[in-house]
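Engineer: As a plain string of letters, each chain reads:
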Amino acid sequence: MSSEPITVYIRPSRGLSALNLRDLWIYRELIYFLVWRDLKVRYKQTLLGASWAILQPLITMLVFDFIFGRVGKVPTEGLPYPLFSFAGLLPWGLFSTALNQGSRSLVSNQNMITKIYFPRLVLPLAAILAGLVDFAIAFLILIGLMIYYGVTPAAAFWTLPFFILLALITALGVALWLSALNVRYRDVNHALPFLTQLWLFLTPIAYSSSLISERWRLIYALNPMAGVVNGFRWALFGVGEGPGIGLWMAVFVALGLLISGLFYFRAMERTFADLI
Amino acid sequence: MPAIRVENLSKRYRIGTAQTRFRYHDTLRDRLVEWVKAPLRGLRGPGEEYVWALREVSFDVPEGQVLGIIGRNGAGKSTLLKILSRVTEPTEGTVTVRGRVGSLLEVGTGFHPELTGRENIFLNGAILGMKRAEIERKFDEIVAFAEVEKFIDTPVKRYSSGMYLRLAFAVAAHLEPEILVVDEVLAVGDAEFQKKCLGKMSDVAQQGRTVLFVSHNMSAILRLTQEAIVLEKGRLVKRAPTAEAVDYYLSSGHSELGERRWEAEEIPAAAAPFVPLALRVRNGRGQVVDTVRSVEGATVEFEYRLEAPVQGLRVGIYLMTIRGEFVFTSFDTDDPGLFERYGTRPAGHYLSRAILPPDLLNEGRYVIGVNASSFGVRRYFMDENALSFNVDISGAPGTQWPEVRLGPIRPRLEWRIERLE
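Quick note, the sequences are listed as chains U and W, same order.
57 is the number that the numbering used here gives to position 57 of the first sequence; each next residue is one higher, with no gaps.
225 is the number that the numbering used here gives to position 225 of the second sequence; each next residue is one higher, with no gaps.
For the record, the hints were derived by calculation from the structure and aren't laboratory data.
Keep in mind it's a predicted model, so treat the numbers as computed, not measured.
All residues carry an ideal CB built from backbone N, CA and C; glycine is no exception.
You may find that some hints are simply not true.
[Said to hold, decoys possible] DEER-style ranges, computed between Cβ atoms:
hint	chain 1	residue 1	chain 2	residue 2	range
1	U	Tyr264	W	Gly64	37 to 45 Å
2	W	Glu265	U	Ile259	40 to 48 Å
3	U	Gln110	W	Gly312	25 to 33 Å
4	W	Gly348	U	Ala50	53 to 61 Å
With the rest of the complex left out, here is chain W (with noise of 0.2 Å):
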């Protein structure tokens, strides 16, 4: 019998309430209008004020199996591993899991900064399962995988991010479940904690316990699972070796190539006033393309709406390499004239294009994300993946000798030959 067995399982939302991050509350006074218009709303289809966040997905899980969950934000990977770790119910199927479910949506949760390392250990165990004598006994090795021992009576709010992460993983991973349910944790901390988190998984999964990982980062995605699903809107749309998974990923889901699209349901309600449209990239003709040639250069241009005037927006892109290495991160306001240009951006229809110059990239394939955030503010929005397209070197420098160049860039540079009597 498999260690978790999902049948034909859906979840539906009310519009509003799908991403957890927007948080929407009735309050009576909502209900009493509702009820006045109760007569109209016959009128609408239901399925317009429900969305489904998954949709019949089945799948079974071996034991021992290190299985990665991949899919775009809002393809209902939260939702699935809520139903695992039974923080919320499905509407339609069944779960069946065989041993205790212990998850890493959410390091640190219930941790109180008032209190000290000590004490937030105990309570924090307690919240996950935990009991006493299992966490005294862990105690020790907890304190010090997360390297805290001298701050360990210390209240955490006087810890640095980094402690205070390091204490949350710590806590969350001695936890022992047979099963266990990885989120995202690894997209922050320091790399040398990244390393020791990704190490800790490794254990669990040659301890022949069952996990189930998700991850925008692909390179983490290849190193850790042997097997991946895709979901997309929903529903499984791939189950295969993850290199394949991660190939079909990628290449998929963008409806034109060179651009990327943002349907209405795909964008949190946390965004706005953001609303993103459209991401392309074109090349030196400005056609939209997947191909742009090194020796051209580029274009990457993000289309947006302001529905409202937003102070201190910057939009961005990252780009990666399709390991999930970064090469660059870049703001439309870098430049400081921009900046001070841009201090408040009315409400209207928008475009920020960034030109790559040319000679930047090595051949290969490479994933644009975006950002629109207000710095120490707030973020708006944010997708990793938005898009991928790839490079072409045909007479960029060195392609006279065919053999792959290391590395993400391939600069042109200035070499002067000397020769020295």
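Chain U extracted, bound-state conformation (with noise of 0.2 Å):
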């Protein structure tokens, strides 16, 4: 046992509270210890285990294709539509998987919170993380794509890892807001739903965001899954939209969100124990 315990004093906060990221550090192998349970625990009792990771991807690449690729034609830059769309669906389906399970991450653990102290962005955080085994699976069927396609991956491939962290940093900052909302108001379980599904038509993963005309593009760019999107085929094969002034507004939105909610998180935070 240490020499001299640490003195910690309880009582009520007032105002803005600062974000003590040191208490998170500490944390640290809760955090491993989470995103490894929910990996464990995630595909048991499944028939198909972690092949829905990428069976999910998969078929809607292939209802994608038939739908916009044969029947819709729309254009891809020049790449086959199953390769395009799949460029897309890959960040996609990271950044709706953290969003969603991020989202809910504080009221499936309710029995936590309420017994026990620890940094509550651990949680999100936490959920947010474990997306990305899901994301590593599903890219080796992009390479498996790339290969079949005869496709050699562009100079800027290296880029990558960064809209990796951008699609990352998105999921976070608004499932910060969503989760510390969903324990009081459980109407975000119902609208999470309804919103991916309108954040997807949003973001041009079955098409491409040059069909978007030049007057709504800016407004288009601060979506910044527009901008990871891009960004991954961009990276990958080259093609359309490269870093320029919608990267930069995808950056600058996401760490508004990203800053936003961190404090509202934990200005709600104190509460958390009372309402959930």
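Reconstruct the complex from the two isolated chains, following the hints.
Structural biologist: Below, the structure written as structure tokens:
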């Protein structure tokens, strides 16, 4: 046991609370264990196990290929349609899983919240990081598709982690808002599928953002996921919109969501155990 | 400097959130309705919407003391422990805590049924704030304490409830915090395991660590603590050596002797549609009394209201000695005939009455607990220390000798004496 025990002062917090990221660092092992639990548990008692991570984007891609690629004949900047849409579905899958799991993370762990102290930020953070493993599995399919179509990666391939990070930051920012709101208003549970669906349509996954007219381009770029998907296609195949004003707007909006989300979450944190 | 210093601690809840068992959620629609009604709401005082779970509580706990905390349901015990373990924030006042606080508020928090015993030890340890290296070091000890060596790689959903509980307690008990907070963990598990838990707790106390112990089990409180505080409606009303505090607690709070009434704020919202009203002890002549004569017999009656029909409801009493030993448990639909007739109890005002036959109890003070539940479905209401009463044995068998007879019952047995030639 340590020589001099730490002294903790418990008192009502007032006003804007500090982010207290040091506490988060102390509890980093808990994040690891929660991610590990989510992964262990997610596919238990499922017939297909981890192949769900592959099946979901794969089947969506096939449906998109039929509707938009063959029937709709959407322009794809010269790429085979399956490859084009899969490069969008991949970060989208990461984002939507992270957003959904993150937003529900507090409510689904309510017994922990009402019983034990730990930095509550750990929960949405762990939920979001767990999505990375599904992403990694689905990434193998992309590599398979690229080999099948004989497409070599573009020179900017190394920038991919940046776009992955951008997707995670966006998901975390929104999930911080929604998970804290969900504690009080369970409407969030009902709104989430709807929100995810709308957001899917506003992101250039099935279609190319070049279809958006010049007038609307800037407003369209306010959606950070548009920047992520365009960035993925640019980094992988060197097509479409590369880094530019659109990407900067995406980064700006994503960071805005993250910072405001962090402060809102911290402000609401003190009442979680009472309200959940 | 004391290990824990609590100063003017108060905690206010919005009505409807005071009891953790009851979960109250706003929906946006409710909020919108509220906004529309807002002008009217100003007419009602703000006091109507809040309830103080703790009010200006102050006390110190010196390092190494084992302090008992006693009080009825809703007296603020759980709220106090939750503030000390930083689960919830106080509304006013401060607490200064020296050292790591480990809580056994609810053992097994974060246990996942699909994971194995081994995996759950690591997960639960991390949730409780243990470092991975620390868990690894204590792993064998935890497994041995829980006696689950053979099943350590089996998912805990296949465990018996006893094994599950032992494992959960074992992890929490090996946390080795400077301050340990224990709430009612001993209410569960078999007698053997309870003994082991109590042993572990006194070990902890002997190592000079500070322990706060909340329990309804007066015998455990008496055995483990030298001093106790009594909470009543959120206020600290007594701090005394344990025996004195227990005595104070058991004889206080009953506004009239022989009767216990429940105020609206004492009833957890989760009890609905069951509303307990009063519990009374009557003597052979039907008077509400604090002391009954064992030769006369007595009646215990529980008055309550059902606000909706309840299926399979059984309302019953526990009888315990003042030391917390059970004497018996009995329910109003134990009789098969009544059980058939009251399959579903319609809404209404009820009185369930039990007649204690003459020559049943030995002298002393007894505690009645009440329980209303639908077996295997839900427990609506429970109060393990609802009312206490005295038994006077004058005229009972054997009173010609002025001696203390052991045991809680004093039956009039039919003795025959035969002289064998």
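Engineer: With reference to the structure, classify each hint as holding or not holding.
Structural biologist: We went through each hint and held it up to the structure:
1. Tyr264(U) - Gly64(W): 37 to 45 Å: Distance hint for tyrosine 264(U), glycine 64(W) holds at roughly 42 Å.
2. Glu265(W) - Ile259(U): 40 to 48 Å: holds (42 Å)
3. Gln110(U) - Gly312(W): 25 to 33 Å: Given range 25 to 33 Å: holds, Cβ gap about 28 Å.
4. Gly348(W) - Ala50(U): 53 to 61 Å: holds (56 Å)
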